[in-house]
Amino acid sequence: MYQQNLDKIAELSSHSAMGVSGPNCDLVNFSELGTGLSDVTPHLAPYHDQCRYISKNLALYELSNDGMKLSTHAQANFCRGELAKALRKGPFQVNVILGGYDENVPNGGSLYVMDYLGSCQKVNYGAQGYASNFTLSIMDRDWEEGLNEEQAVKIVEHCIRELNMRFLLNQSNFIIKVVDKDGVRTVKADSDPTDN
Amino acid sequence: MARRYDSSTTTFSPEGRLHQVEYAIEAINNAGTSVGILAKDGVVMASEKKVTSGLLAPARTSEKTYKLCPHATCTVAGLTADANILIDQARLRAGRYAYQYQEPIPIENLVEHVCNYKQAYTQYGGLRPFGVAFLFAGYDIHHGFQLYQSDPSGNYSGWKATVIGANNQAGKSLLKTEYGSSSSSGDEMKTDENPAKDETEMPTTVEALRLAVKVLNKTMDGAAASPDKLELFAMTLDEDGNCVHKILNAKEVEAVIAEVESETATAGDS
Numbered sequence: 001m002y003q004q005n006l007d008k009i010a011e012l013s014s015h016s017a018m019g020v021s022g023p024n025c026d027l028v029n030f031s032e033l034g035t036g037l038s039d040v041t042p043h044l045a046p047y048h049d050q051c052r053y054i055s056k057n058l059a060l061y062e063l064s065n066d067g068m069k070l071s072t073h074a075q076a077n078f079c080r081g082e083l084a085k086a087l088r089k090g091p092f093q094v095n096v097i098l099g100g101y102d103e104n105v106p107n108g109g110s111l112y113v114m115d116y117l118g119s120c121q122k123v124n125y126g127a128q129g130y131a132s133n134f135t136l137s138i139m140d141r142d143w144e145e146g147l148n149e150e151q152a153v154k155i156v157e158h159c160i161r162e163l164n165m166r167f168l169l170n171q172s173n174f175i176i177k178v179v180d181k182d183g184v185r186t187v188k189a190d191s192d193p194t195d196n
Numbered sequence: 197m198a199r200r201y202d203s204s205t206t207t208f209s210p211e212g213r214l215h216q217v218e219y220a221i222e223a224i225n226n227a228g229t230s231v232g233i234l235a236k237d238g239v240v241m242a243s244e245k246k247v248t249s250g251l252l253a254p255a256r257t258s259e260k261t262y263k264l265c266p267h268a269t270c271t272v273a274g275l276t277a278d279a280n281i282l283i284d285q286a287r288l289r290a291g292r293y294a295y296q297y298q299e300p301i302p303i304e305n306l307v308e309h310v311c312n313y314k315q316a317y318t319q320y321g322g323l324r325p326f327g328v329a330f331l332f333a334g335y336d337i338h339h340g341f342q343l344y345q346s347d348p349s350g351n352y353s354g355w356k357a358t359v360i361g362a363n364n365q366a367g368k369s370l371l372k373t374e375y376g377s378s379s380s381s382g383d384e385m386k387t388d389e390n391p392a393k394d395e396t397e398m399p400t401t402v403e404a405l406r407l408a409v410k411v412l413n414k415t416m417d418g419a420a421a422s423p424d425k426l427e428l429f430a431m432t433l434d435e436d437g438n439c440v441h442k443i444l445n446a447k448e449v450e451a452v453i454a455e456v457e458s459e460t461a462t463a464g465d466s
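These protein sequence lines are chains A and B, in that order. Residue numbering for the first sequence follows this note's numbering, starting at 1 and increasing by one per position. Residue numbering for the second sequence follows this note's numbering, starting at 197 and increasing by one per position.
Hints listed in this document are in silico derivations from the structure and should not be mistaken for laboratory results. Heads up, none of these hints are tricks.
Derived SDA-like pairs (lysine to any residue); straight-line CA-CA distance at most 25 angstroms:
1) A:K85 to B:E299
2) A:K85 to B:Y297
3) A:K69 to B:H339
4) A:K122 to B:D436
5) A:K89 to B:Q298
6) A:K122 to B:E299
7) A:K181 to B:E299
8) B:K414 to B:E455
9) A:K122 to B:R292
10) A:K8 to A:R185
11) A:K85 to B:N305
12) A:K122 to B:G437
13) A:K122 to A:S13
14) A:K56 to A:K177
15) A:K89 to B:G291
16) A:K69 to B:P266
17) A:K69 to B:Y297
18) A:K56 to B:E304
19) A:K89 to B:A294
20) A:K122 to B:I337
21) B:K356 to A:G67
22) A:K56 to B:H309
23) A:K122 to B:P300
24) A:K181 to B:G340
25) A:K122 to B:N438
26) B:K236 to B:E455
27) B:K410 to B:G354
Pulled out of the complex, with its shape left as it was, chain A reads as follows (with noise of 0.2 angstroms):
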């Protein structure tokens, strides 16, 4: 049975957040909470830690570089790697979307979208798990350059509107983060996931 609200999308640093999909994803630990799954299923910490080490290596560069901040891009390559590396040994089971804001890349944002194989491609937009069947095709038709939040997060809940309708496996419990030169932020959450 899948928790209903957990919210997938962490911080990793000041400026980026990375979103998961995958079997294993709701299993898999990034926020402050759920330090108490791994109590609840013991045999799946394993899980939980590996996903914890991708984050908290990027809290270790800033803190061993006098808070020199990791580009996206260099963030993006990192897990990446860590995710080929894995691969051979013991796969994590999660596709990973991976998005940030840095202040010398034109128009400030960049999205990086990553499977479990070690894949990894920068996009305009992306998707990852059944959602991309649906979504995909909608964000080709609605993107294009220059964007702002408003008109982006319109094209968020157009495809959510559209899973609602056609996905029958979907479930109508969405969190939107948004990463800008502020740095990562909650703009709707439909069921606050600090509830159990």
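Knowing the structure of chain A, use the given hints to seat chain B on it.
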């Protein structure tokens, strides 16, 4: 008294010193001088080539200047054989970082890695320290052009201009007076509307090259400067923002030497 405590790297003396490390630093004071100068638009490093025999096969590689990665180069003072090991380490580190993050390694990161490697030989294993001091010149987007110096202890520091190797104290004192007081900037009167800037005015790469040769002239102590005794290196950015590593050829070195000569010849004239 020191005799009892100086043969092991991994033992402090009663005065709290590591004699082996200090002796390693001494070894470098006999090595060919190397001067590094940070410029507005680049970094310059000039080195004295100690080994000059007519019987030596013409060198295709330098004994002083080594490229570490597309955006960093170092010069060496000390035991070249020791330096080769450390340079390999540096190149490996830069390459692995670039593989892991798909980005060029920040220069301080690279320097710190080499230095940590050196430090291990002052604490574990009973092996002697590396008898090498480095000048690292590099560029990254975080801090622009940078110049670092490191020594056998594994200590490093960032500099606007510095000297390692033989007669480095004389070189450094010359730099203290001459760096940042280029003729173009020294003429303004310090008035209340124009308070003296605490930051020294950085030279251009061209000016820095000349200053570097001046320093080497001083440290080489009267020996005539010539292209086969000097190696001049300059790092700058091209229009696309890529690093250009340039070791000047004999003609270019000759030209800089000549400019310095004429400058010093007219220095006394008002």
